Amino acid sequence: MVDIHTHILPGVDDGSDCFTESVQMVEMAYETGVDRIIVTPHCNQRGWYENYWSGELQQLFYQLKNRIKEEGIPVELFFGMEIMASQDLISLIEKQQVVSLNGSRYYLIEFSFDTEISWMNRMLQSVLEMGKIPVIAHPERYFEVQKFPDIVQEWKRRGIIIQLNKGSVFGAFGRRCKKAAKYLMKNDWIHCIASDAHSPYMRTTSMEELQDYLLDRYSYQKIEEWTTKNPNAIIENKLIEGL
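Residue numbering for the sequence shown follows numbering that gives the first Met the number 0, starting at 0 and increasing by one per position.
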């Protein structure tokens, strides 16, 4: 399996606190079937986690890769960012202050939970017009999507990638989020499921519970599409089937 949304880079956001925790998170992912991970620290959260692209961030990523190699964990790590949408998002992309998932055409973008759909649409369209492909982080967590989940069908039709959080399926973010997540899955309006892991203790990288849940409800082909095929296409900068 492939996990395209994690907070395992140590000490830069509300995810892993140190290299020890990061190693634990990667090991846990591997033990539950994950062999490729994109590291996606929060970015452009002004006043909190700005994390614009820098040599320091790159060096930290390489240090983590080396630690994983030293520990003998056969997991490939790739760099990306979870970018908070803002009015100057296009400028940030153009100036390469924010980066895509493994240097691909795919940008992982999140919104504040109370963002209006009309503003989301404007931001997403602006990214599409650049020739980039937005990957919406956990849309099921946004209040407007919980009220009007059919908007996700429209996003998917427009070629926008939908990334669901595994924790949403199990109620980690509340009843409404869980209901929205299951609705999106039932209608096949998602492209991939990621851990959005923040810790080896809570919101972990483990995919075991998710695997059990999916195997009871979906075909092997669909599970493979959501957890391996589409995430790999993102890493390899290939077009996801159906776009």
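Rather than coming from a laboratory, the hints here were simulated on the basis of the structure. Any given hint could turn out to be false.
Claimed, not checked - Now the in silico label distances, taken between C-beta atoms and shown as ranges:
id, residue 1, residue 2, range
1, Lys178, Gln58, 24 to 32 Å
2, Tyr200, Glu70, 13 to 21 Å
3, Tyr217, Pro73, 21 to 29 Å
4, Gly71, Asp113, 42 to 50 Å
5, Ser218, Asp13, 33 to 41 Å
6, Glu235, Tyr200, 15 to 23 Å
7, Gly241, Gly102, 21 to 29 Å
8, Trp52, Lys185, 32 to 40 Å
9, Asp149, Ala171, 18 to 26 Å
10, Tyr61, Gln95, 34 to 42 Å
Claimed, not checked - Computed cross-link-like contacts, DSSO-like style, restricted to lysine-lysine with a CA-CA straight-line distance of at most 27 Å:
id, residue 1, residue 2
11, Lys146, Lys94
12, Lys146, Lys177
13, Lys181, Lys68
14, Lys155, Lys228
15, Lys177, Lys221
16, Lys185, Lys155
17, Lys94, Lys177
18, Lys221, Lys185
19, Lys68, Lys178
20, Lys221, Lys181
21, Lys155, Lys178
22, Lys221, Lys155
23, Lys221, Lys131
24, Lys177, Lys237
25, Lys68, Lys94
26, Lys228, Lys64
27, Lys155, Lys64
28, Lys221, Lys237
29, Lys185, Lys237
30, Lys181, Lys155
31, Lys237, Lys94
32, Lys131, Lys68
33, Lys237, Lys178
34, Lys64, Lys237
35, Lys146, Lys185
36, Lys146, Lys181
37, Lys131, Lys155
38, Lys131, Lys178
39, Lys131, Lys228
40, Lys94, Lys131
Quick caveat: nothing in here was measured; it's all calculated off a predicted structure. We treat Cβ as the ideally placed atom computed from N, Cα and C, and that holds for glycine.
Verification of the supplied hints:
1. Lys178 with Gln58: 24 to 32 Å: violated, 43 Å
2. Tyr200 with Glu70: 13 to 21 Å: The hinted range 13 to 21 Å holds for Tyr200 and Glu70, with Cβ atoms some 19 Å apart.
3. Tyr217 with Pro73: 21 to 29 Å: holds, 27 Å
4. Gly71 with Asp113: 42 to 50 Å: Distance hint for Gly71, Asp113 holds at roughly 44 Å.
5. Ser218 with Asp13: 33 to 41 Å: The hinted range 33 to 41 Å holds for Ser218 and Asp13, with Cβ atoms some 35 Å apart.
6. Glu235 with Tyr200: 15 to 23 Å: At 32 Å between Cβs, range violated.
7. Gly241 with Gly102: 21 to 29 Å: Given a distance of about 23 Å, which is inside 21 to 29 Å, the answer is holds.
8. Trp52 with Lys185: 32 to 40 Å: Roughly 38 Å apart at Cβ, these two residues keep to the hinted range, so it holds.
9. Asp149 with Ala171: 18 to 26 Å: holds, 23 Å
10. Tyr61 with Gln95: 34 to 42 Å: violated, 18 Å
11. Lys146 with Lys94: Given that 27 Å is the threshold and the Cα spacing comes to 35 Å, the pair is violated.
12. Lys146 with Lys177: holds, 13 Å
13. Lys181 with Lys68: Status violated; Cα separation ~37 Å.
14. Lys155 with Lys228: holds, 17 Å
15. Lys177 with Lys221: holds, 20 Å
16. Lys185 with Lys155: holds, 14 Å
17. Lys94 with Lys177: Violated: Lys94 and Lys177 sit about 37 Å apart, past 27 Å.
18. Lys221 with Lys185: holds, 11 Å
19. Lys68 with Lys178: The hint is violated at about 40 Å.
20. Lys221 with Lys181: holds, 15 Å
21. Lys155 with Lys178: holds, 19 Å
22. Lys221 with Lys155: Measuring from Cα to Cα gives roughly 16 Å; hence the hint holds.
23. Lys221 with Lys131: Holds - the C-alpha atoms of Lys131 and Lys221 are around 25 Å apart, at most 27 Å.
24. Lys177 with Lys237: violated, 30 Å
25. Lys68 with Lys94: violated, 32 Å
26. Lys228 with Lys64: holds, 23 Å
27. Lys155 with Lys64: Violated, because 33 Å separates the two Cα atoms, which is more than 27 Å.
28. Lys221 with Lys237: holds, 19 Å
29. Lys185 with Lys237: holds, 25 Å
30. Lys181 with Lys155: Within the cut-off at roughly 16 Å; holds.
31. Lys237 with Lys94: holds, 23 Å
32. Lys131 with Lys68: Given pair Lys131, Lys68 is violated - Cα atoms ~32 Å apart, limit 27 Å.
33. Lys237 with Lys178: Status violated; Cα separation ~31 Å.
34. Lys64 with Lys237: holds, 24 Å
35. Lys146 with Lys185: holds, 17 Å
36. Lys146 with Lys181: holds, 14 Å
37. Lys131 with Lys155: Holds. Lys131 to Lys155 sits at ~15 Å (cutoff 27 Å).
38. Lys131 with Lys178: violated, 30 Å
39. Lys131 with Lys228: holds, 20 Å
40. Lys94 with Lys131: Answer holds: Lys94 to Lys131 is near 14 Å, not above 27 Å.
When the structure is compared with the earlier hints, violations turn up for hints 1, 6, 10, 11, 13, 17, 19, 24, 25, 27, 32, 33 and 38 and for no others.
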